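Participant: Here is how the chains run, residue by residue.
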Amino acid sequence: MNAKDDPKTFSPLARAFLWTDEKHKVNRLVYGLYALCAILFLADFSYEKHSYVSVEDFPGFYALYGFFMCAALVVCAKVMRLFLKRDEDYYAPHDTESEAYPEDQLERINHDD
Amino acid sequence: MIEAVPIAFLFFAGALILLALPKGPARAALSLIIPVVAGFMVWSLPEGQLWTAGLMGFDLEFMRVDKLSRVFALIFCVAAFLGNLYAWHVRDTVQQFVALLYAGSAIGAVFAGDLLTLFFYWEGTAIASVFLIWARRTEGAYHTGMRYLIIQVSSGVILLAGAALFYRETGSLVFEKMTLGSLGTWLIFLAFGIKCAFPLLHNWLQDSYPAATVTGTVVLSAFTTKLAVYSLARGFPGTELLIYIGAVMTLFPIFYAVIENDLRRVLAYSLNNQLGFMVVGVGVGTELALNGTAAHAFAHILYKALLFMSIGAVLFRTGTAKGSELGGLYKTMPLTMIFCVVGAASISAFPLFSGFVTKSLILSASAKEGHYVVWAILLFASAGVFHHSGIKIPYFAFFAHDSGKRPKEAPLHMLLAMGLTAFLCVAIGVFPAPLYDLLPYPVKYENYTTSHVVQQLQLLFFSALAFAVLMRTGIYPPELRSVNLDSDVTYRRWLPRLIAGISAIVGRIWTTQANLIESGLNGIWRRLYRSHGPEGRIAQVWPTGAMVLWIAILLGITLIVNFAS
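Sequences listed follow chains A and B, in order.
With the working numbering, you'll find the first sequence wraps up at 113, consecutive numbering, no jumps.
With the working numbering, you'll find the second sequence wraps up at 1565, consecutive numbering, no jumps.
Keep in mind that a hint or two might mislead.
[Unchecked claim] When the alpha-carbon atoms are kept at most 27 Å apart in a straight line, the in silico DSSO-like pairs for lysine-lysine are as follows:
no. : chain 1 : residue 1 : chain 2 : residue 2
1   : A       : K8        : B       : K1408
2   : A       : K49       : B       : K1368
3   : A       : K49       : B       : K1444
4   : A       : K49       : A       : K25
5   : A       : K23       : B       : K1408
6   : A       : K25       : A       : K8
Think of the hints as simulated: they come from the structure by calculation, not from any bench.
Quantities reported herein were computed from a predicted structural model and do not represent experimental measurements.
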């Protein structure tokens, strides 16, 4: 952590996002997301659909498909990790993964320097 | 006539002039001017075969201009400009030089009207681009570049072999629509497939792009793979096989992207996934689908460059692009964060962002032609791409747990490049008509219908919901310092190990049998020496024994002479 980590030195744009560090406000965001999802789900009944594929007519098809497929994606990926994960230096030294990026090509400057 | 000059030559001449200029802003400015001039020339070119050269009895078509080649050349010029603007600070002659050669080769290949010209430029992109990886100047980058070069050059060699066979069959080298069937066309197809990162031929992409320099990756992301997409759209539109290849391409990289730690490699996986959409479009092959492929390539080059730029800026300031090391950067890099979110929204196809107005063409085309399973896979891949590129990239880099890193905001020229790209992403999303006008066929497609917007928002927000739920229940896999095995493990680890193992076994068998033979021969030699040598028992009776033998021989001869006479 920076010694002079003072939010006043951040730009106004950054300060507008500082609430993301507060747990109860993030909770509020998530509740907002729940509400938005509910509204979108219900919105499905409010208009006439133009569909190419018959499953599209199923109420909330896109919502359910998006939710369950993404959950399945993450769970599958997690299981894949059990088999595929190796140490960072697995291919070293024939790989850049475990190398430091050459310092002379960077411009590391701290925010309040 | 100015339009008679191949656009590629402009880039090559620019690269040579660049070498003559002093190091500094003059060179950077030149590498901005060239793409702008080239872009205007491409814009104003008439259609037709504009420049032909004879070589060894072949007519080489350097400038086949039509709507398909023009839209790709145009976006390549834009990408070259944005990439070079992003690289304004670079004072490395090699990188500046090859960035122009690489863009020029890619544009040259797009305008190539015959397979031989295509081959020259095809190899040109391979050889020029590898220097963007080597420019990192580490041992790992050297080896990665070598692997990249071997695969890319092989693709070119296969293309040349295919072109030669194709010429023997048809007596023509014109690069037009082909049908798979003969060995020649299959080889050409394979060469395109390698560069397009087809499943199991894909690993050069995820291997090499994260190994390139901060700016090199941005440049790399634009050209090679989209050149391959163009070549497929030119050579193999409507090839049904491509639909299935493309569907698999959209599918498997998203699983890897979820568990990958290096954010630039996550982007490489999602690049692979986006290529899948374009390949499906080529495979479906209707006017709507081919329009979709060209439009999606156009939009994709922009938002993918934007995402690579934003993560590159993070790398430039912090020295790492790994999810496990980053977090909380929004506090001091808010503009970079905003641009990253714009790129993420575009790739996720949020309404009002570029992906929305281009990807839907391909999805609609595949549903219209009755490829329902493929359509469902593409829909899943769309949700998945939001999951890993749309949420994961900005979340782990700029939010998540605070890494304590407080880097300064990206330098001005990087912000400019990102801002301009972000502007284009939004502009295409809001006003798709100018892009649609550039497409190969007339577009009659309404994007912003209630159905389409609501359905897309449902898909995206419920994917976000899945992310939120999984994150809060702790099921979401954390970012860990790791390498994930992909199919490249076969040629990077297993095959070398197998060969080493076989050679060890063969070597051992060889030495064992050689030892056996040697010891056997030695034994025989020793025994003979013991018995027949100067000290041996036989040697003691040698003169008597020899006398008896000779007498026997003489008697035998006498007997034969007597008998015969």
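Participant: The structure should be examined with respect to each hint, and the outcome stated for every one.
Facilitator: Hints and how they fare:
{"no.": "1", "hint": "A/K8 x B/K1408", "in the structure": "holds, 15 Å"}
{"no.": "2", "hint": "A/K49 x B/K1368", "in the structure": "holds, 16 Å"}
{"no.": "3", "hint": "A/K49 x B/K1444", "in the structure": "holds, 19 Å"}
{"no.": "4", "hint": "A/K49 x A/K25", "in the structure": "violated, 36 Å"}
{"no.": "5", "hint": "A/K23 x B/K1408", "in the structure": "holds, 26 Å"}
{"no.": "6", "hint": "A/K25 x A/K8", "in the structure": "holds, 20 Å"}
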